[in-house]
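Produce the complete structure using the sequences and hints provided.
Same order as they appear, the protein sequences are chains A and B.
Here the first sequence is numbered in numbering that gives the first Met the number 0, starting from 0 and rising by one per residue.
Here the second sequence is numbered in numbering that gives the first Met the number 0, starting from 0 and rising by one per residue.
Calculated directly from the structure, the hints in this document are not laboratory data.
All clues given are correct.
Listed next, the in silico DSS-like pairs over lysine-lysine satisfying Cα-Cα at most 25 Å (straight line): (1) B:K203 <-> A:K606; (2) A:K92 <-> A:K322; (3) B:K325 <-> A:K537; (4) B:K325 <-> A:K300; (5) A:K168 <-> A:K108; (6) A:K174 <-> A:K106.
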Amino acid sequence: MSGGGLVSRAAAAVAAATTAVRASQVPRVFAVTHRPLHTSLQSRSFAKELFLGNIKQKGVFPFPEISQDELSEINQFVGPVERFFTEEVDSRKIDQEGKIPVDTLEKLKSLGLFGIQVPEEYGGLGLSNTMYARLGEIISLDGSITVTLAAHQAIGLKGIILVGNEEQKAKYLPKLASGEHIAAFCLTEPASGSDAASIQTRATLSEDKKYFVLNGSKVWITNGGLASIFTVFAKTEVVDSDGSIKDKITAFIVERDFGGVTNGKPEEKLGIRGSNTCEVHFENTRVPVENVLGEVGGGFKVAMNILNSGRFSMGSAVAGMLKKLIELTAEYACTRKQFNRNLSEFGLIQEKFALMAQKAYVMESMTYLTAGMLDQPGFPDCSIEAAMVKVFSSEAAWQCVSEALQILGGSGYMKDYPYERFLRDSRILLIFEGTNEILRLFIALTGLQHAGRILTARIKDFKRGDVTTVMETIGRKLRDSLGRTVDLGLSGNLGVVHPSLGDSANKLEENVYYFGRTVETLLLRFGKTIVEEQLVLKRVANILINLYGMTAVLSRASRSIRTGLPNHDHEILLANMFCVEAYFQNLFSLSQLDKFAPENMDDHIKKVSQQILEKRAYICAHPLDRTS
Amino acid sequence: MSWVQVSLLARGLSRRWGGICRTALLGAPTAQAPRGLHCSAVIHKDDVWLVPRPPEPQKKPIKVPVLHEELFTPSANGEQDKAGFLRAVRSFGEQSVRKRGHVDFIYLALRKMPEFGVERDLSVYNLLLDVFPKEVFRPRNIIQRIFVHYPRQQECGIAVLEQMERHGVMPNTETEFLLTQIFGRISYPMLKFLRMKLWLTRFKNINPYPVPRDLPQDPLDLAKLSLRHMEPDLSAKVTVYQMSLPRDSTGTDATQPHIVGIQSPDQQAALARHNPSKPVYVEGPFPLWLRNTCVYYHILRADLPLPEEEEVEEIPEEWNLYYPMKLDLEYSRGAWDNYEFDLDEVTEGPVFAMCMAGAHDQATLVKWIQGLQETNPTLAQVPVIFRLARSTGELLTTSRLEGQSPPHSPPKGQEEDEALEEQQR
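In structure tokens, the structure reads:
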């Protein structure tokens, strides 16, 4: 035990050192925030602690709340917006015409929806992340408007809020917040999706060093045709510290009026057809040096921060959409009669409603938990949590919309009803803002990097064959295999989780404990080469998403019971349902992670795809083929 | 009385012997061995065989008309096709109702099949088997079953099946039915049939890189096909650098050989990265066999770069916008998790392109290099060294259409093998 104590102390020392190092390296990006309150020390995020097999209760239990004042403030906003969306927005027309009508846009502007998160001193609403998520629920009733607004403020002008200097903020934010100017985010290029090294757009400093000349093309730019302010990422030559010249990415604020900015015709899309997506070309556009966003050569970090910051809101948007969908389908299921019974009396239909409600409940919990974390002072790094919310909610959206269509049967497939539009609109969620595959890698790798650093000493000892470490590990394995009860302090008499969710809390604790063990084993097995093991990383990410979802629902349901919110018994059912399901999924994933590639079929999967990709076709013989 | 018996016995014996001799000497057409007693003369001269004879001069064997040869004479318009072959088989059946000499006829027909272009036709093989009289050769008691019953006929049946096997013709139920009718279930042809049923199916698709059965006749198409056959990368692009001009248009000397090349995007990128101070080599010609056709190709390659020159690919710091491309950890994969086999891989220099040309001289290959320079600008700065082996001559084909079967004409399969050997020598 003393050995364990030593190790943990050493780990803590390492952790403290790394935190200190990171704190001193906190780039400008982090230093400038729109929240007035901040401390320089970043607290470790909840998800990162999960990788070590710990549950960090601070900020998670109890479920974050907002004050009564804030609640009534947000309700003031929500009322008119909701009325506008249900009464005036004609989603069907927007979808058919592929365009949001001008008067709808004007009304959105007058409601202040173009500057939800712009600070009040620049004419925005200055809402917190939690309130932004709440508004997002309503806006999501129309996919095209959601995407247009998100491209404007979640990524388009976010750069100015995050890293812009005072002059830039004063110059651009008021007009952007009022919606007079629309913003767009120009990163993707024909040859560059997530690969920043292959960005071709180039900005060259002029002779007099007063402006940059921007040349290049960007594709699939949402709002590309409407926007007058663009956040553009381009390569610039930067003199490195050792004197060599390197190409680095720089972010610019580009006005359409600078000249040389043209856009292609709007693309025809599967869903979100009302949003404007097109190519944007820059030809000898002269951008003054004052319009560099952040530092010259620091565009990569700017882009990463913008992308990481905007993701969590998808959870509430999807939840809003799902709630609407549940209403619509429930109406249908309770009125449609077959065999003299309502559809709602059939078990297979009931199951689908339970599924939709459960998914909506989980993603709602995850989103508001994350938003609450983000709203805590000190600009906490919640990028993993935000990515988890995005992955979970986008996949749940696709699954639930598909199930809803199943309830509706044939009418779900018809263009006369709105359901097929929901399906089309929701498909993009799995793709944009980082595809779910890429985000899973992000989730797993960021966490493993964190855990790997902290466990370095221990793993080195183990690899060297240090007797105490090895014995301790073996002893722990033995104890684990004899069946131990894990207690991380969630349940019990003084636990943070309500006793009616005790079983689920125990399941979560068990999963978290063994997840920590598995992460350690994985790091021991693969070390830094785990980057190449994408199938392993996928499982790690899946487990983590489940763990986060379990935590969120347990925390939220416990709060609901204790504060006596209406229908909290319903919440308990949903929470327990999800926890049991996730628990078994986790057990399966963990058991697969404990196995080697030949046993968990990973090498089969790889071989099959290699053979297919070599021939670039499905290579099995036809079932009717004969040799003789 | 006893004399008559002896003579009858001798007659029977000699018939057996004659059959066996003929089978043994089948390759070279023998004079139509007279049957019966005359044959015994040969047997009596057997001792001659014990003495080593001086090798017979390899002169053109005297053209001796083979029995039934006349059935296979080309029809009036000189065409040799399936209909002609079927007619020959049918006329044999009409001409000898008792099927006399059917074994000889079947052997002859097997030899003739390639000429008529029916060597891959299952129905023709079945028709040939149908020539055998039915029920006669079936063993009727256990003794007959133990010993080879009617060996000559069984061998002939096996020969039919063997030729089928050589041409990859799969027997069907009709074949089986015929064989049971002719030789019975327990017989050597039946055994052969069963083995073919078992193995041919397994071997039919065993080649992961199948070559089409009928190769294109046009050398240009053939070159394209063989380049595609060799190149594993499906995104590789085949370029025709020069079309061949017909021989008669500008005179014999001025013919312009075709040049076809293939290069994959990876090879193009590798060539762009090549250090211009190091030479590249044009090497060849190397043979490539596609069925019974041999073609020659050339490669453009470089030496393996020295270890110190190899650029270590570094992961740029700012590369992936979404997730870390490498982990900042000090420990690597454990030994237990290395699933790779321990292979000693001989690294070779990179191959940048391949080509096939109508001629294998430097003048032609220079044109290829010039053509390559259009898509690979760096090639202009790189010295190119030609390391060509002696010319191997013309495109060699032994396909049926080129006719002129050699005077001494073994069955088709052997001929192909010999052509193969000749090439390899």
